[in-house]
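J.: Taken in order, these protein sequences are the chains called A and B. When we follow numbering that gives the first Met the number 0, the leftmost residue of the first sequence carries the number 0, and every step to the right adds one. When we follow numbering that gives the first Met the number 0, the leftmost residue of the second sequence carries the number 0, and every step to the right adds one.
Hints should not be assumed to be uniformly reliable.
In silico lysine-lysine, DSSO-like type, Cα no more than 27 Å apart, as pairs [stated by the list, open to error]: (1) K49(A) <-> K196(B); (2) K196(B) <-> K182(B); (3) K90(A) <-> K172(B); (4) K287(B) <-> K175(A); (5) K190(A) <-> K36(B); (6) K49(A) <-> K290(B); (7) K190(A) <-> K196(B); (8) K34(B) <-> K49(A); (9) K136(A) <-> K172(B); (10) K172(B) <-> K49(A); (11) K22(B) <-> K290(B); (12) K49(A) <-> K287(B); (13) K290(B) <-> K175(A).
Heads up, incomplete: computed chain B residues facing chain A, CB under 7 Å, no partners named [stated by the list, open to error]: (14) A261; (15) G262; (16) E329.
Bear in mind the hints are in silico, worked out from the structure with no lab data behind them. Remember, it's a predicted structure, so these values are computed and weren't measured experimentally. Even for Gly, the Cβ is constructed at its ideal location relative to N, Cα and C.
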Amino acid sequence: MANEDFYTEAMAAIRACDREKATDVATRALAAGVAPDDMLKLGFIPGIAKMGDLFERGEVFLPELVLAADAMTGAADVCNAALPEGAGQKKATVVIGTVQGDVHDIGKTIVVAFLRANGYDVHDLGRDIAADKFISKAEEVGAEVIGMSALLTTTMREQIRVLEALNEAGLRDKYKVIVGGGASTQQWADKIGADAYAEDANDGVRKINQLTGN
Amino acid sequence: MSKIWTRMGDGQAVEMTSDELRKDMMEASEDAADKGKVPILEDNEIDKLMEIFSAPWRVIGVEPGHEVPLTKDETACTLVSSQLSSGAHLPISREAAVEVFERVFAFDTMELGWIDYSFKPAKPMVSLDQVSIERLLATTVIPILYGAMPNMGLYYTPDGPYTNPADLLGMMKVEEAREEEMKAAELCMEDMIFVCKRMDEIGADGIDFDTTASAGDADFLATLKTVEELKKTTNLGIEVGMSGEFILGMHGEVEYKGKRLAGMFPQDQLKVVEEAGADIFGPVVNTKTNKSAAWNVARAVTFVKEVCKQATIPIHANVGMGVGGTPMFETPPVDALSRASVAMVEIAKVDGL
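Same shape as in the complex, but just chain B (with noise of 0.2 Å):
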């Protein structure tokens, strides 16, 4: 029987059958299906993907006509940071960059962010952004957002003023850590409420809260009740990308309006993300290197074909090293990386990416 050619979660190149291919789609839908509590894909979704998997391109694409929109996340990073963190180390300004992303790559929104990326150090720079954004806006027609990380591990000793939970926890010390961790939730949320007011001042577009809910159930309530500050108060257009494919629960016992929010999977976090007031949802389906990538798109897609079809709002779901089915890898392979986005478009029927 002839082989395929094609890649494992961490990039490995590997041939397999069809028979492999297939079985692997099947158990990773399987997997997504039981612990997501989601349908498991269709017999002919399945052979879409199969189809997918097995064309002899390098590189593929979606059909005519099925093209959706490419939102940038983590700024311009990608071509300004250096190699050791997934970029180009080009000698070009962050400005400079989200324009080559306007106007040599096609993307369709671009966000611009403090190089940290993360809001409690954006906070004393904001005035520079400010600056940042407005000169954007002026030169760009694509909608420009500000973006960072709630990234609320950074008000936990040694970065911030609050006793790291996991040390108490390992001391079994439980209420105290949650008790911490409620304390850095309300201090996150002031400084991402500052800074997007003061985006909102300069007329951005809109925020990206990316890689929302990393420290856990708190970080996602500090997320969620600013998401609802801002819709109350501002303008702005809200996209809320997540961290991971279900909500840690470092916390455990932390609610929004009635839901527990530990233990959430994509499409019980888009239901949240809404009620907050959220224009745009981007889930997150973690990558498991040693599975194939044929297994990890298809569990990718069990997952956010389910939250598609709950949405009210566009969904533009994370592909990229490590999430969406794509490979851990620092520059994804673009073979994966294209079939893994054809896949959330064709069968997941995401509205972005």
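Same shape as in the complex, but just chain A (with noise of 0.2 Å):
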């Protein structure tokens, strides 16, 4: 079996959202000699880059984002694992939820799926969540990267709670914090001094792969 068909075999998995199928392929490509990186390069991001391009066109949906997502950490954990140390693909951690006074999180479980997809380590603490449990779970879990999501105008301003609290433990520089959600812009987040503001969760995936050198 050529390794293109084994790419094509990797991409035609994420699409079936088949974890089970994906880490079958991963495991056959590295039995017949495919390189690890060149089975996640050339076949399964481009297959989960598909995913979310298809998803932003209203053709597959937030059930079928996320077990792809899932079918795609599958295949990155086979594909890593046969990797050299320390040259794994798995990318930074990052801690995010909704911030607290605000429960709206679809927009923010999208964002999680796309990283996820994109091989972050993500902690997702869910909505309405106080300032110090963002920088609490940071910390535990060695994050590199703090999001927020706010839907509201009226809650928004939690976002400068979460990075005055930053700035109080004298963390602020330990981490890169990005902010999203509804009423969020770019004037907002220079506003608050945040490093980056997501749009959208594609936007998000890159606006933390140049936070984070990835």
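Put the complex together from the two separate chains, hints included.
T.: Structural data, given as structure tokens:
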């Protein structure tokens, strides 16, 4: 079987949102001598990128996106295990949540799926999260990035509290902070001193890639 | 080359050349056409948009005779709620605010709604709102609607009885998430029908279902089925306004009369809204904050023009903070807002705003 056939099969497994098939094709490809980073770069990553594109076009939906991200994680685990120590595709650790007072988390859930699909280790705190919880979780898991969502103009100011709490704890420079959510803008991110603003889930991945040098 | 003063999608002022504006407009129209599978704007429509954006005046208006009805959603909150909620925080009642919109701002229809503006919290307060509607019907001449959002998210934890599908999806429990969504939709529908029938009882002119489908396709289904029921059993006029330009597939497989709701763009949303029996449709096109106002208006107009072309009911496009080509800013700049409004009327040919 040619390498290209394995890449095609990898893409199809992601499109089918099938973790079992994805890990199976990864295992068979590695056994046949395909380089693990080639399987990721030429098979699985294009597969998940296609899913992101289809999601934005309204052609696949959130349940499929979440399952595709899970299939991607399974395949990446197989490929990463075959790479030399330290050469794995695992990217930065991200702690993410919707700020205190705000229970809107659909958008944040989509961002989490996109980040996981792109190899980030994501700790999703959920919604209505107090500033100190963002920080304690980031410290606990050794995160590099803190992501905050707020849908409403009435709750987006809570993003300031998280930044203030980081400053008070002397931890501001330790983390890259990215904000998003319905009413947020780049202007808002600049005003409150966040490191980046994400317009949507794809933009979130792009910005975190930039912030973490991926 | 002289520059034209305009805005970005987040409201920032920016200067652009004519060529840059035209390029943005064409790119945006192509983006809408590609995503929504609708035709791009024609050359003369791009020329008209250029005229709108090149006008040297800060505020512009439609040509005489092209005026359209202005319908205000989100009740009278703009006057009574705080600045944190895009309001003026005036110490007046909601009823007085509605009267101000009629007599001072010359709005053509208005609505009243509970301050939280969702059907669920409005339900236990409906007798109070019935009294307010009754009074407004006696003191105003414009049509008075009752407005609220389905806001199906309020039926999930921590606010409601059902497990949050976002949590279940995170655990890969797709079928369980879908079941919870359908249960939430049933309960949401019950509450909406209860409130709307009380409004019919008191003689309200209609209902505005605002920001529908915000919790995804099951939320939209609940609204459509509610509209269907109300049209069978009441005399209420019904407007359905959207929350986004495409229906988020939280469930992914919900259908209405054999049509999958997830992924529907405005012209497809219109068709199911018409089938449900609504009288007015309010399409939404979301603003991209990192693109210019010209880009956003061209994109919004491309979508809405097709909606108007296919519609058999009046189209009242949502034009305001973050939608309809308007910048995402608590108080949208009047220059950008007036340009978006004019483009919707003169190019998309909307029936109202």
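J.: None of the hints should be skipped; say for each whether it holds.
T.: Results for each hint:
no.: 1; hint: K49(A) <-> K196(B); in the structure: violated, 46 Å
no.: 2; hint: K196(B) <-> K182(B); in the structure: holds, 21 Å
no.: 3; hint: K90(A) <-> K172(B); in the structure: holds, 26 Å
no.: 4; hint: K287(B) <-> K175(A); in the structure: holds, 24 Å
no.: 5; hint: K190(A) <-> K36(B); in the structure: violated, 38 Å
no.: 6; hint: K49(A) <-> K290(B); in the structure: holds, 24 Å
no.: 7; hint: K190(A) <-> K196(B); in the structure: violated, 46 Å
no.: 8; hint: K34(B) <-> K49(A); in the structure: holds, 15 Å
no.: 9; hint: K136(A) <-> K172(B); in the structure: holds, 25 Å
no.: 10; hint: K172(B) <-> K49(A); in the structure: holds, 23 Å
no.: 11; hint: K22(B) <-> K290(B); in the structure: holds, 12 Å
no.: 12; hint: K49(A) <-> K287(B); in the structure: holds, 22 Å
no.: 13; hint: K290(B) <-> K175(A); in the structure: holds, 25 Å
no.: 14; hint: A261; in the structure: holds, 5 Å
no.: 15; hint: G262; in the structure: holds, 3 Å
no.: 16; hint: E329; in the structure: holds, 6 Å
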